[in-house]
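Residues 1 to 1129 (this note's numbering) make up the sequence shown, in order.
Hints were generated in silico from the structure; no laboratory data involved.
Quick caveat, the model's predicted, so the values are computed rather than measured.
Quick reminder that beta carbons are idealized off the backbone N, C-alpha and C, glycines included.
A portion of the hints provided could be inaccurate.
Claimed, not checked - DEER-style ranges, computed between Cβ atoms:
| # | residue 1 | residue 2 | range |
| --- | --- | --- | --- |
| 1 | Glu126 | Val67 | 23 to 29 Å |
| 2 | Phe957 | Leu212 | 46 to 52 Å |
| 3 | Gly87 | Thr320 | 30 to 36 Å |
| 4 | Leu51 | Met407 | 15 to 21 Å |
What the hints assert, rightly or not - Calculated cross-link-like contacts (lysine-lysine; reagent style DSS-like; alpha-carbon spacing at most 27 Å):
| # | residue 1 | residue 2 |
| --- | --- | --- |
| 5 | Lys977 | Lys691 |
| 6 | Lys444 | Lys558 |
| 7 | Lys460 | Lys444 |
| 8 | Lys722 | Lys683 |
| 9 | Lys172 | Lys95 |
| 10 | Lys1112 | Lys691 |
| 11 | Lys882 | Lys937 |
| 12 | Lys322 | Lys239 |
| 13 | Lys520 | Lys239 |
| 14 | Lys1114 | Lys1047 |
| 15 | Lys361 | Lys166 |
| 16 | Lys767 | Lys1110 |
| 17 | Lys322 | Lys781 |
| 18 | Lys118 | Lys34 |
| 19 | Lys361 | Lys322 |
| 20 | Lys1047 | Lys977 |
| 21 | Lys460 | Lys932 |
| 22 | Lys662 | Lys652 |
| 23 | Lys558 | Lys654 |
| 24 | Lys1114 | Lys375 |
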Amino acid sequence: MPSSSYGYEPIGDPCHQILDLNLEDVHCNLYGYKESRLRSFFYHLCGVVLLGIPYLVCSWFSPLRTVKFKKCHLEEATVVLIKDAHGNDDLLKVKTENAKLPTQEHVRLRFFHYRHAKFVWIPRQEVFGPLDLLIPTQTVDGLLDNTEGLFYNDYVDALKLYGPNKIEIEVKSYWRLFIDEVFNPFYVFQVFSIILWCLDDYYIYACCVLILTLFSVITSLRQTRKQSEALHDLVESSKCHDVKVMRQNLLSENIVQDADPEELVPGDLLVLPKSNFVLPCDAVLLTGQCIVNESMLTGESVPVVKTSLHSSNEVYSPSTHKRHTLFSGTYMIQSRYYGDEQVLARVVCTGFNTTKGALVKSILFPTPVGLQFYKDSLKFVLALFVLAGAGTGYCLYLYLHRKAKIMEMVIRSLDIITIVVPPALPAAMTVGIVYSQSRLKKLKIFCISPPKINVCGKVKLACFDKTGTLTHDGLDMHSVVPVAQAKFTEPITDCQYLETGDRLVQAMATCHSLTQIDEKLTGDPLDLSMFEFTGWHLEEPGEDETARYDMIAPTIVKPDKPLKEAGDSPDFPYQIGIIRQFPFSSTLQCMSVICRELNSQNMVAFAKGAPEKVLTMCQPETLPEDFVVRLSKYAGRGYRVIGLAYKEMSEKFKWKEAQRAKRDVIECDLIFLGLLVMQNTLKPETTPVIKVLHNANIRTVMITGDNILTAISVARDCEMVKETDQIFILNTRNTRNDDQNVLPELVLESTASTPTSSVSIDIDVTKCHLAIDGRTWTKIKTFYPDLLPNLLMRTTVFARFQPDQKTQLITYLQSLDYVVSMVGDGANDCGALKAAHVGVSLSQAEASVAAPFTSAIQDISCLVHLILEGRCALVTSFAVFKYMALYSLIQFTTVLILYRQHSILGDVQFLFIDLVITTSLAVTIGRQGPSKRLGAKRPPGSLVAAATLVPIFLQIFLCVFVQIGTLVYLYQQDWFKPVPPKSKEEVIVCWENTVLFAVSSFQYVILAFVYSKGRPYRQTLIHNGWFLACAVALSCFQVWLLIAPSKAVAEFFEIMFLPHRAHEQVDFRYKLLLIPIGHLLAAVFIEVAVSDREWFRKFLHHVTLKRIPKNKYKLLLQDNDVRLNLLHL
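Generate the whole structure from the sequences, applying the supplied hints.
What follows is the structure, encoded as structure tokens:
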């Protein structure tokens, strides 16, 4: 088989390979390298000479570490560089070992471990690939035929090949976390700044920043350690302590022995206990059956029945044969077997290769979901560094011209960098997120990934699961609609009106997967409601009662009241034994059971499932003519409809035949019994929330595993599809005998008429919605991939979707540049919750540990709170970033002007600006809560957009203009005497310093006030009492400091003291106060009359020649000429 079919593709360069694993969402580039002594020598020499700086830089950027290696053919590589699709790099060592494959072939393995997966060199294809590619596939019959345990030597070889069966979550020590954290570029820059400030005798602020840095580091360490411990505890809680495994001794005899779960290998034969057992690996069930709880993996706490494999020539696959596969981490409630037969399971996957391992890896290595704001902020910081470089150059020029001391020149020049790029910037930007997280916690919405709060502010599409999310979790019985002589009779709402011996009642009493656990009936909510409707009882008899059922121990159901017609007596009560069960299959959309009444020789098969499926299983003459009409009627009203059927088995059909019978033989030629109608009501909060989202121009879609007509009805009920809008079902129709390889025809089915009427319509995109099911989705992906973007823009209901299809859909929607949220109850939604930009779990199940948000509010109103808080946090992050950037540029301007004037800001002045003014305002500016109303306008997401940059540049220009204007005004005063130009020492107490310090101090408060505006995303400024108190207090103090400071205060702040007799200077200071007032008015005008106005955005679009939107989904929405003429696709 060609390598490309596996997804491991060598390309023209023998040093380079593409590694593409869809199952693990891995798309990587591999580059081969080998040792070079010469390069390694020069690398370490530079590292020593430059005091370890190259080592530090290389630790930040893995590709730089390849300088000590040279590129080579992958076959010779001793090191590989892996670059994934998200820009992450890893440099890994290639190891070698001798190994023995299960085929008994001895090989020399070259391999490396990447994200807990083992990749080996495959000589035939000249690529690296997973170990599985060296292992031959197994058929179902092959697994069933081999019931022998492993020999000890084979076990040792397998343990060496696969490694131990461990999912080990490393919990790093605090010391190691501390080392990793402090060598982060941000903290290295902070340490550099603190050292520089100490050399400049700026001790107070250096100590303050050091304390804040230590607090930030400790908080980060605690959070990281807490998350690691939580995941470690989650994994450890689902571990078992010992297992029984069957292995062969020297005499080739199978011996059952105790084993450590970590020593299990693929191929081992597990002997399962009777109950209470946590699966340590993925294993396929060879004999007996098990009842397991898979909530660890799916979030669904309903017990699932696993049955042993049935003979088949199919290649075994855990996904295809999941009904026969026991998954690692799931809890086996009990096992069942017949006679002395042991319950055996063959180990197929261990460690991180298991389904549980894949879940853990998805948590350890989530797909990065970056917000444009963070990317732009990095660009902005880089621009600030460039500006700092220019400022440093100018500073060097000034001090070289003055022939200053080398140390002074270096300190002053480097100080420019810490001014232009404030070390407190990242910490300040998290202020809004911290406040939002605190408010969300009060609303019982918990967050494990705080940066995702900002992402909530950009949500453009909201996806919802149906059952348990939009509707109540449980299902209530509405009625049963019996069939007599191929005609529907009147619906029955109480089972007492049906005879106990009626086949319809028997079908409801037997066709389910319920079980008794701790004397409590447990199972699927639908099955529970159906069984409780009958009023029957379920028993799981002991071995002393098996003689009545051909020496097996079946599940027994019996009516509450005696059935006299059937000869019910204490010796032979009326009972039905469930001999065999074919579990519900989401692929087949049905389940069936084989039963026998006590004292009856004949067996009966009962089946239930989706009505469309049951229709195909029944004899046509037993189906009512108005079947489709009646089904559409109930489904159209939002009811969950189930079809029921049965057939009598022949007298020759005994227990052995029942155990050997194929499912398709049982599920055919049935007699239709009727419909089971169940109701699943909307939660009261659903419709109002959908209206709020629509009013905010946030698109809503439903992704459910339920019937498509039921889903459409719920979509209409909650007004996801408005009453005046049309909705069509998009379906596929094969043109030749349902051949899977033939290009299918796409057809539309109108929900206004019968669902079988195929129509061809040019869709009016403004008033039309589509609904598709999982089968159609797969067909369109395969045969019409180019049509998907247009279809996704028009589809509101996605029904009968499997968990993996939900994840695929979320990914496709993201590819259209939607910021996607997904709200689910945890059942089968885990993949979609992880894939979405914003995943909200309404379930407390363990699987929700992967969702960034978990809500104790069990309805979708939590999403509105998240979007409101997200918008508030995002706007606050923007405001704080702009404020901190302008604060640094204001100080940068002040310092450069003073440097030119042979002056400088004093330590107290720096401290007052950096700590008292800026820190207090930056911290309190984010205390404003979110707006109460979710508006249609979303906050900006980009810092480098013209609409954001132009107002920032206007504010920068205004600040520089005010400072230069202030200095010019000072020069015009007759009494003013400048600092002597030949002064060798920098003068602090002078009029240039005093004036610029006073005016610039006002500028920091003015800009904080300008960027603290509330509407439309935050509450008005009046609600932020802390900020107002700080701003007013600082303004009053600065007015006093400017006009009439006391001598002691003037000396403390190192400003010019104003004697009372100096009337001209007093008049100057009062006039100087007008400059901040004018600056305030101009800054507010820029922000309110320019930045926030629609005319300004339109003007920018005209200037920048922006004619089309950048988002793909907006381009598709603008294409008004698009019509889906489905007869001519």
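Of the hints stated earlier, which fail here?
-> Hints 2, 5, 6 and 14 are the ones this structure does not satisfy, whereas the remaining hints hold.
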